[in-house]
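**Q** Model the full structure from these sequences, guided by the hints.
Number of protein chains: 2
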Amino acid sequence: MPSRRPERRNEESAKAIVRAALDLCREVGYDKLGIEGIAARAGVGKNTIYRWWPSKSAILLDGLLSAMTSAQSDFPDTGDVVADFKTQIVAACETLTRPDTAPHYAALIGAAQQDAELANAMWERLLSHLVAAAVDRIRHAQRQGQIRSDLDPDLIVELLYGPIYYGWLIRHSPPGREHIHTTVDTVFAGVAASSAEARSGNG
Amino acid sequence: MPSRRPERRNEESAKAIVRAALDLCREVGYDKLGIEGIAARAGVGKNTIYRWWPSKSAILLDGLLSAMTSAQSDFPDTGDVVADFKTQIVAACETLTRPDTAPHYAALIGAAQQDAELANAMWERLLSHLVAAAVDRIRHAQRQGQIRSDLDPDLIVELLYGPIYYGWLIRHSPPGREHIHTTVDTVFAGVAASSAEARSGNG
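Chains as they are written, first to last, in the working numbering: chain F, 1 to 203; chain E, 1 to 203.
It is possible that some hints are incorrect.
Listing some non-contacts, in silico: residues in chain F with all C-beta distances to chain E over 10 Å [stated by the list, open to error]:
| no. | residue |
| --- | --- |
| 1 | S13 |
| 2 | R125 |
| 3 | P163 |
Pairs of lysine-lysine, BS3-like flavour, derived with a Cα cap of 30 Å [to be verified]:
| no. | chain 1 | residue 1 | chain 2 | residue 2 |
| --- | --- | --- | --- | --- |
| 4 | F | K46 | F | K32 |
| 5 | E | K46 | E | K32 |
| 6 | E | K46 | E | K15 |
| 7 | F | K46 | E | K32 |
| 8 | E | K46 | F | K32 |
| 9 | E | K32 | F | K32 |
| 10 | F | K32 | F | K15 |
| 11 | E | K32 | E | K15 |
| 12 | F | K15 | F | K46 |
Which stretches of chain E does chain F cover? Using the computed rule of at least three CB atoms under 8 Å from a CB of chain F, they are [as the list claims (entries may be wrong)]:
| no. | stretch |
| --- | --- |
| 13 | 26-32 |
| 14 | 105-114 |
| 15 | 150-159 |
| 16 | 167-178 |
| 17 | 183-189 |
Just so you know, the hints here were simulated from the structure itself, not pulled from any lab data. Since this is a predicted model, take the numbers as computed values, not measurements. Beta carbons: idealized from backbone N, C-alpha and C, even for Gly.
**A** Following this line, the structure appears as structure tokens:
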């Protein structure tokens with residue numbers, strides 16, 4: 001369990017509660033998910049849940065974190081930055097397509113639009129270290145002369161991951177492997193007929 | 001009112017209902033917004049609302065559409081595709097920053113993650129014609145040799161708008177003018193040190 005809560009707790013009960021929350025969320029939807037239902041499904045009292053988690057979204061976030069694999073959070077460094085981002089993004093995107101993670105992650109992103117505390121928790125526990133690892137990989141490629149050194153690495157993270165999230169959340173089309181590869185290639189290659197031309201002329 | 005409902009209705013009441021929904025949503029948040037509260041605020045009966053709209057999200061979507069200006073939906077064509085996308089995206093992004101539209105749009109995107117009917121309505125009424133206009137502008141630039149003709153225009157739409165939505169929905173940072181300009185420049189110029197190099201070698 002990747003939970004960082006300091007309280008000692010019965011790990012078997014904690015796992016049962018997270019499992020119950022994930023299963024119930026899939027069955028009834030995030031809106032109708034309640035602590036009472038989770039407690040009943042997990043065979044524990046509501047107070048047990050409230051002792052360890054402040055809200056249903058916190059339980060689901062634990063579930064999402066425990067479902068992520070190291071391939072989804074680690075950045076390969078083979079020396080070929082384009083290939084490395086293809087590998088990482090394809091692995092990370094499993095979270096957006098797997099039935100045991102995709103609906104929960106979409107629900108949490110949706111709920112975070114109305115809940116600043118949840119938005120902060122998702123950033124702190126789920127996203128900030130992934131973004132930091134991507135930025136590190138980009139900086140390394142900049143030092144090696146593979147990526148223009150005048151660009152902010154954080155902007156490049158937005159360019160690489162933004163189209164994937166946009167396709168998923170706004171267009172409701174889960175990212176496929178080939179589409180990810182084309183996206184990464186196009187970000188790295190540029191869409192202008194000649195990037196030198198675009199930089200000096202049309203830009 | 002851009003509503004496309006066929007029923008004849010009292011436009012003054014309809015406007016009051018939409019206004020009440022927008023105001024209340026801002027005051028109490030999307031989750032706590034209810035048809036009863038909207039009816040009370042607008043001084044109409046609940047049945048009047050249900051005759052014209054199936055849900056609170058449908059009312060908010062009408063409000064969002066009526067708040068959008070033609071600068072946000074029209075695509076300029078000055079001959080300079082990079083400048084035109086900067087102009088359009090800066091105008092469109094007002095929806096993501098104005099206090100009378102940003103929270104409602106974020107709430108609707110959030111709710112659409114759990115509501116396929118709402119997701120379809122947002123696509124049909126709000127997004128599909130904006131995307132079609134962007135695709136037309138890109139095709140025109142491709143015919144003029146300003147954009148590589150081997151790229152799918154829809155992919156370029158994702159590359160241009162995806163980073164903006166990702167920054168807004170996932171990183172919770174509303175897009176500023178300068179950041180939009182850099183994003184558009186970078187998409188058009190490419191992030192690799194040399195795009196020809198990236199295409200033949202590193203990609």
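**Q** Would you mind marking each hint as holding or not holding in the structure?
**A** Evaluation of the provided hints:
{"no.": "1", "hint": "S13", "verdict": "holds (28 Å)"}
{"no.": "2", "hint": "R125", "verdict": "holds (14 Å)"}
{"no.": "3", "hint": "P163", "verdict": "violated (3 Å)"}
{"no.": "4", "hint": "F:K46 <-> F:K32", "verdict": "holds (16 Å)"}
{"no.": "5", "hint": "E:K46 <-> E:K32", "verdict": "holds (16 Å)"}
{"no.": "6", "hint": "E:K46 <-> E:K15", "verdict": "holds (15 Å)"}
{"no.": "7", "hint": "F:K46 <-> E:K32", "verdict": "holds (23 Å)"}
{"no.": "8", "hint": "E:K46 <-> F:K32", "verdict": "holds (23 Å)"}
{"no.": "9", "hint": "E:K32 <-> F:K32", "verdict": "holds (14 Å)"}
{"no.": "10", "hint": "F:K32 <-> F:K15", "verdict": "holds (21 Å)"}
{"no.": "11", "hint": "E:K32 <-> E:K15", "verdict": "holds (21 Å)"}
{"no.": "12", "hint": "F:K15 <-> F:K46", "verdict": "holds (15 Å)"}
{"no.": "13", "hint": "26-32", "verdict": "holds (count 3)"}
{"no.": "14", "hint": "105-114", "verdict": "holds (count 8)"}
{"no.": "15", "hint": "150-159", "verdict": "holds (count 6)"}
{"no.": "16", "hint": "167-178", "verdict": "holds (count 5)"}
{"no.": "17", "hint": "183-189", "verdict": "holds (count 6)"}
The structure shown violates just one earlier hint, number 3.
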